[in-house]
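Peer 1: Please arrange chain B on chain A, whose structure you already have, making use of the hints.
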Amino acid sequence: MRSIAVLCFALAALPASAAADSLEEIFERANAAYFRGDYEGAAEGYRRLVELGVVDADVAFNLATAEARRGRYGAAAQFYERTLWLRPGDADAHRGLDAARTALGRRLAEASGEGEVDTAPPLSEALLGGVGRTTLAVVTLVTETLLFAVLLGLLFARREAVRLGLGIAAPLLAVVALVAGVGWALRAGVLEDGEPAVVVEPSTPLREGPDAHAEVRHHAREGQRAWVVDRERSWARVRVPDLGEGWVASEHVGLVRP
Amino acid sequence: MTRTLVVLALALVTALASHADAQPAPSATVTMSVDRARVEAGDIVRLTAEARINGEANAGLALPDLSAFDVISRQVSTPFSLRFGFGGAQQVQSTIRHVLTLRARQVGRVTLTPAYVELGGRRFQSEPLTIDVGGAPGDPAPTDPRPTDLPPAQRVDGMQFDADGFLRTWVDEGEPYVGQQVTVTVYLYLARPLRGSPQITQEPTTDGFWVQDLLPPSRSLAPRQQTMGGRSFEVYLLRRFAAFPLSAGELTIGAPAIAVEQSGGIFGIFGGGGGDGTWTRTGQPVTVRVRELPDAGRPRGEPHVGALELAAELDRAQVATGDAVTLTVTASGRGALQQLRVPGPRGDGLEVLAPEVRDALATPDDVVGGTRTFRWLVVPERPGTYPIGPFEVPVFDPRAGTWSVARAPALTLLAAGNAATPEEEPASPRANAIAPGAPIVFGPVHTHSALSRTYVSWTSEPWFLALFALGPLSFLIGLLVLYARKRAARVDPRAAPKRAKRAAQRRLAAAKGHAAASEPRAFYAAIEKALKDVLEAKLARPVGSLTHPELRELCAERGMDEDLAGRLVDELEGCDFARFSAVGVSPAEMESCLGRARALLEGLDRFEPTRKDAP
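First to last, the protein sequences are chains A and B. All the letters of the first sequence, read from the start, carry residue numbers 1 to 258 under our numbering. All the letters of the second sequence, read from the start, carry residue numbers 259 to 873 under our numbering.
Hints are not guaranteed to be accurate.
[As the list claims (entries may be wrong)] Take a look, some chain B residues computed to stay more than 12 Å from chain A by CB distance:
#, residue
1, Ser291
2, Thr369
3, Thr459
4, Thr510
5, Glu519
6, Glu571
7, Gln596
8, Pro656
9, Ala674
10, Arg711
11, Ile735
12, His806
[Said to hold, decoys possible] Which residues of chain B face chain A? A few of them, derived with a C-beta cut under 7 Å, are:
#, residue
13, Thr670
14, Leu672
15, Ser707
16, Gly736
Hint data in this document are derived by calculation from the structure and do not stem from the laboratory. Built from N, CA and C at the ideal position, the CB exists for glycine as well.
The following block holds chain A by itself, in its conformation from the complex (with noise of 0.2 Å):
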């Protein structure tokens, strides 16, 4: 009996331990891909691994890297978006996602005489820089606990001095409280409508509705944020700064969260 409940532990933990060794086999090869310069298996690979639902940045840097090498651009910025929110602050990431818009640039301007790149970030990045949501959050509480803490200590005071320092503290921390709090909101997308995601493909038509031949509204460039505010079968409903709402095909926009 026991050795029957050995082996079906063991038979229940076998493809656990397949999966494990299988993620390690991709990754390498991926890699090894990379090396040899067949970007389009590296990042075959390593789609492979986002597939089997590997959420890394490392990863998602790879994945970004090779579809960069391979000339889609739209996609290595979407990979390289996501790598910076599971690690705010990376300075590959933030510097391959330069490298991608500027060659989405380029590559415009050769086709079209004039390129317009999307390099404005967004307005979390813009107000925050590199402070990451785990600092903002962290900043959060502290600051919002001793805020209440010197509340507290103002009931109970009864010491001039102690109020008149607990009074000046009380407005200084509820000001950092409310910043922190703000930006660690914004880092999280609380106040996004929609989920941030990028544009992928070239020229990607913005179509009335979620149907194939729906009149085409405008056009978003590969590269260009975006958010997903709908969805209905295999369209996306997207908000395009600039461009307004409309709908795409889902594979014509990346997510930028997994």
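Peer 2: Same frame as chain A, now just chain B:
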């Protein structure tokens, strides 16, 4: 009776005289000690042998066999004293003390036989001593030519003998190969101990050599003894350096010169040899005949003389095209490593920058050695696989007279990706803008990953969010506590006097502390506050704005007996007065005030106001 006393006195004097005339047999106490019983080979140990002798002034102290040690220095002192005993007899007491500084030469346990003196056919001896000499087997053996060993006295090259003193230049190898280490030592021989610091006025010239000093910058001059020409000299080590001949032929190490000040008797041991109070000597030049390295079996390349090992490594084996890797080649061994050259890597498509060279030299046992490290930045300009190395240096062993090759195996560098020139590392993520026309570089990829399948941010965990409720919750609890207190005070009017009484007790305790600390102002302020708080709680109204007559009147109105009211107002007045003229208040007065305040509080506790006054 008188006659008896005289006889006794005579007998006593006779007995004492006969005792004084009798000479005691000579005797001695011999001791021998060392400052430590366990040393390492080459370490210094101090041996002290002492004999205290009674009755003999000319005895000699025999020391044990010290052949297992180098005798670095020896001090002998022989103080003695004469004592005259009763009746004019003299008693001699002398001490012989030998202090020797020894250096252990060989590993093992060395037993020193007892030191002794012989007096009147009798031997007086110390206890034997045992010294454990530690160290690795093969550590300095007695026959090893140790760095501080003196050159043989039989050879007189590199010197001009002088009975008072002279300089001697000694080389350990008269016919070295090109690049072989020649150890050059300059000694000062003096007939008497040196009591000043000699000044080297002329350093030995070393044209045609690469030179490395072997002595520390600061050290003390410790003499050793050597006999030359039948005369004993104190020998001082002045200079020692390793000289590596750079070319074949006859090379000369120039004569050194020295000056020693004689003034003030510091060095007044010679009658001549220098004028104006300065004793000077000039040494002799020494010529070595440098041999060419043998051609037989000589490998190609720039050789190293001595011993050498090579190691090579790359900081990364795979890089993106255009990225730089660091190639490090480390050469370690003996010989003139600072003269060593290792050719850098070469290859089509490889850009190799000028190397950074670092030396870490050491001179254990006066043999120059250490490591020399070469670091190259290597940039693959095209994708592909690049062999780096192997690195080889011919090595000639001058002792064995044989050639060999020091070798570091070849390495492989894999470069992948688009051809691109390396760009400057951006100072910050926002400084990544690529200049127009500049090449765009991606990668390289990261070769390590946790391959995590879940993205867990602890800031989104429930416990973290729950922490946010902690502050507001505490604040809310605080509010509730305050509310409950006020409510309790409203519901139970008797609670206020009770609380006031407890607070007053605390204030009295604090006042006692102020009294002990001689702080009268704080003391009286605490007393006044305690009394007023209790009174206000009893009367259920503030009394701080009332004058003392008004307060007395109010107390009377509320039914307080006249005595208590009077004492209370008097005490408050006293506190007021004392607070503003606290100088000179004695601890006894404060103690008395404390007692009165306690009595007043008891009175107020019993006091029940008859009616409330109008609000």
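Peer 1: Does each hint hold? Answer for all of them.
Peer 2: Hint check results:
{"no.": "1", "hint": "Ser291", "verdict": "holds, 68 Å"}
{"no.": "2", "hint": "Thr369", "verdict": "holds, 67 Å"}
{"no.": "3", "hint": "Thr459", "verdict": "holds, 62 Å"}
{"no.": "4", "hint": "Thr510", "verdict": "holds, 61 Å"}
{"no.": "5", "hint": "Glu519", "verdict": "holds, 67 Å"}
{"no.": "6", "hint": "Glu571", "verdict": "holds, 19 Å"}
{"no.": "7", "hint": "Gln596", "verdict": "holds, 39 Å"}
{"no.": "8", "hint": "Pro656", "verdict": "holds, 47 Å"}
{"no.": "9", "hint": "Ala674", "verdict": "violated, 4 Å"}
{"no.": "10", "hint": "Arg711", "verdict": "violated, 5 Å"}
{"no.": "11", "hint": "Ile735", "verdict": "violated, 8 Å"}
{"no.": "12", "hint": "His806", "verdict": "holds, 27 Å"}
{"no.": "13", "hint": "Thr670", "verdict": "violated, 12 Å"}
{"no.": "14", "hint": "Leu672", "verdict": "holds, 6 Å"}
{"no.": "15", "hint": "Ser707", "verdict": "holds, 4 Å"}
{"no.": "16", "hint": "Gly736", "verdict": "holds, 5 Å"}
In summary, the numbered hints that this structure violates are 9, 10, 11, 13.
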